[in-house]
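These protein sequence lines map, in sequence, to chains H and D. Counting in my numbering, the first sequence runs from 1 upward without gaps. Counting in my numbering, the second sequence runs from 1001 upward without gaps.
No false leads were mixed into what you were given.
No more than 27 Å apart at the CA atoms, straight line, and that leaves these computed lysine-lysine pairs for BS3-like:
(1) K1010/D with K97/H
(2) K237/H with K68/H
(3) K1010/D with K179/H
(4) K55/H with K68/H
(5) K179/H with K1191/D
If you want the ones that stay clear, here's a sample from chain H, every Cβ over 10 Å from chain D, calculated:
(6) S52
(7) K55
(8) Q56
(9) F58
(10) F71
(11) I75
(12) P79
(13) T82
(14) A192
(15) P206
(16) T254
(17) G255
Treat the hints as calculated values from the structure; they're not laboratory data. Note that the coordinates shown come from a computational prediction; the quantities given were computed from them, not determined experimentally. Ideal Cβ positions, reconstructed from N, Cα and C, are used throughout, including at glycine.
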Amino acid sequence: MKRHRTSALILASPWILTFFLIWAFPLVYSFVIGLTNYRIFSPEQFDWVGWSNYKQLFSDQDFINALKNTFIFVIGTIPITTVISLAMALMVNRRFKGRELFRAGYFLPSVTSMVVVALIFTNLYQRGGYIAMLASMVGITPPEYGFLYSNATALYSIMAMDIWMSAGYFMLIFLAGLKSIPDELYESAEIAGASAWRRFRSITLPLLRPVAVYVLVINSIKSFQVFVEIFVMSKGKFETMTAVYFVYETGLTTGFESGYASAAAYVLFAIIAVFSIMLFAVMRQRRPVW
Amino acid sequence: MVDRGTVAGKITRYLVLLIILAIMIFPLLWMFRVAFMPPGSSVSLTALFGGAFTGSNFADLFTEIDIGWNLFNSAFVGLTVTVGNILFCFMVAYALARYRYLANKLLFVSVIVVLMIPMHILIIPLYILSVKTGIYDTYWALILPWLVNPIGIFLVKQYIETIPPSMEEAARMDGAGEFRILFRIVMPMCKPALAVLAIQVFFTNWNSFLFPFILTSHDNLRTLPVALALFQGHQAIDWQHLMAGSTVAVIPVLGLFLFMQRQIVSGITAGAIKQ
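Bound-form chain H, shown alone (with noise of 0.2 Å):
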């Protein structure tokens, strides 16, 4: 037993290590520079500042904008990613000639990498681009530089274009949800004359809810993080500024405010502790919320 455990703890070192290097260690050292006024490239000036940090953090105006358009770019998203993710499982669960192609062709976007989408959507938003274009067809005037170039504009066209890459990857999820609710019991349900819209009420919707809880927490803590797309596509220009970026911008770019930087990044993981808490509670009740 004893030559066991050694033989266990060397397989398992690897991930002990990563463990602590990249996740536990980061995770308290972040903690306890945010109450300092640590800059990783003047260490001489280094004092702990407490709370000051974050009390001065409600009062920057631009880190509670920063928070504003997270908050705009999660609800925004979340709730029609899901909904256009579920119609588009529905869909192409049923039996059909073709089923294969438009399973594939739905989530191709997911496959190719975020810094490449952002680059073809940035040409397409741009001025005179092809949803200019499109845009004036059913008669909206589109904003005079581009879609990206306007505060009206920007982060809308962003969060568009996030839920057209993330729909086809949150629509595998719900096929294998489809996947694994009985056939048995829509044929019951249709011998008892149940309708089809019935059917999709009393059986899909309740037998899905634990897959659509996962999907509205990874989709979350995914949105809540949103920074690549801000970095290719605007800089946090045009009232764009995230959370995420704004941490990018404070603590990696110029003053390299490392203290200040990690106060923000745990306001924000603290809120998303709390809005997954809060999902989690609303999703478990009895009475379903749908």
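Starting from the structure of chain H, add chain D where the hints point.
Here is chain D on its own, set in the frame of chain H:
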């Protein structure tokens, strides 16, 4: 469910499906089209169906813009990290699946961590850590932290638990050493799970931007997505070349996707169904 709709219903359904398909693949088609437009020509909307084609943008990428290094970095880092994950996730998963007392605690902690800690909040401490340890701006920073991942461990552990331990016991009776059993007997049996793992790790790594971006600064160390993201905004680079570079970044994953769709799908859905 067998489809019993009317002909009109069927046509409507196919129409809706096709419209969605068009929306989903149009941006990628547009990327391919722009990549083949002659440099200097205006990226005009009508060009989607007509206009000239040229492959010279791709040649320029490797001669003038020099993304060869970036492509090499992406491939080298991607493959190394994938091989590392196959080996290390398997080792850890085996320990968790077969040695019970370790399993409960470790797995519990790692799964909670991965589900609840959004990794982007760690950019500041990981940046500082990489600077202080000296791995900042080296290949080590692109490889070392990512050699094992909890979702991968979880995936392989689930699979190992479906394999009856009788084979290992028989080998042990014959006097085979633990590591021989591990790599000669158990590992080959885990091939399906390891394939899923490999695909998922390679995709994630190939497409990843944030950490390769903040942990390096030399142009020579940039992976392809980082290089592309930084090209944007350079006045010197036009859309034709940017889209050609994007095409180069997308082709390998598209190819893998076409051939290994089943593994990709099971990798994504494993987490959702298992909880």
